[in-house]
Amino acid sequence: MKLSPPFSSDVACGFPSPADDYKEAALSLDEHLITNPPATFMARANGDSMQGVGIFDRGVLIIDRSLTPVHGDVVVVALDGQLTCKILDKRLGRLMPASDRYQPIPIWEGQELIVEGVVKASIRYHRGG
1 MKLSPPFSSD VACGFPSPAD DYKEAALSLD EHLITNPPAT FMARANGDSM
51 QGVGIFDRGV LIIDRSLTPV HGDVVVVALD GQLTCKILDK RLGRLMPASD
101 RYQPIPIWEG QELIVEGVVK ASIRYHRGG
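Residue 8 in the numbering used here sits at position 8 of the sequence shown, with consecutive numbering throughout.
Think of the hints as simulated: they come from the structure by calculation, not from any bench.
Any given hint could be a false lead.
Stated by the list, open to error - Pair ranges (Cβ atoms, derived):
{"#": "1", "residue 1": "Arg-127", "residue 2": "Arg-65", "range": "28 to 38 Å"}
{"#": "2", "residue 1": "Asp-48", "residue 2": "Leu-92", "range": "22 to 32 Å"}
{"#": "3", "residue 1": "Arg-124", "residue 2": "Leu-83", "range": "14 to 24 Å"}
{"#": "4", "residue 1": "Ala-26", "residue 2": "Asp-80", "range": "36 to 46 Å"}
{"#": "5", "residue 1": "Glu-31", "residue 2": "Gly-110", "range": "14 to 24 Å"}
{"#": "6", "residue 1": "Glu-109", "residue 2": "Thr-68", "range": "34 to 44 Å"}
{"#": "7", "residue 1": "Gln-51", "residue 2": "Gly-128", "range": "15 to 25 Å"}
{"#": "8", "residue 1": "Arg-44", "residue 2": "Gly-93", "range": "23 to 33 Å"}
Positions of the beta carbon are idealized from the N, C-alpha and C atoms, including for glycine.
Make a model of the complete structure from these sequences and hints.
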């Protein structure tokens, strides 16, 4: 998706950069968020258990099925048929929330665990969404 008109500068969250006058390329969210379109899908977050990693209720998750999940990745999994988004703890065999208000979810032998994909990015709405 190309944004039009193209952004000509970053938004300063500190002091503006003198190099801002030289930026003219269009900003493409696809280029930044989706590196493998056939393996990428989006889902809307539901709940507050992942706020500690910047995933908020009603935000949009960019999920890449082509990435091999590693310890510490934020993943979307189907655990016994229920979809959830959590941090993968391969060392202790569990799914971790990013909030102290929730308990880790142990992965027991015999449970059906399907990693649907690695959350590559999330989009947080500040108005609407």
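Please list, smallest to largest, the hint numbers that this structure does not respect. Checked against the structure, the hints that fail are numbers 5 and 6, while the rest are satisfied.
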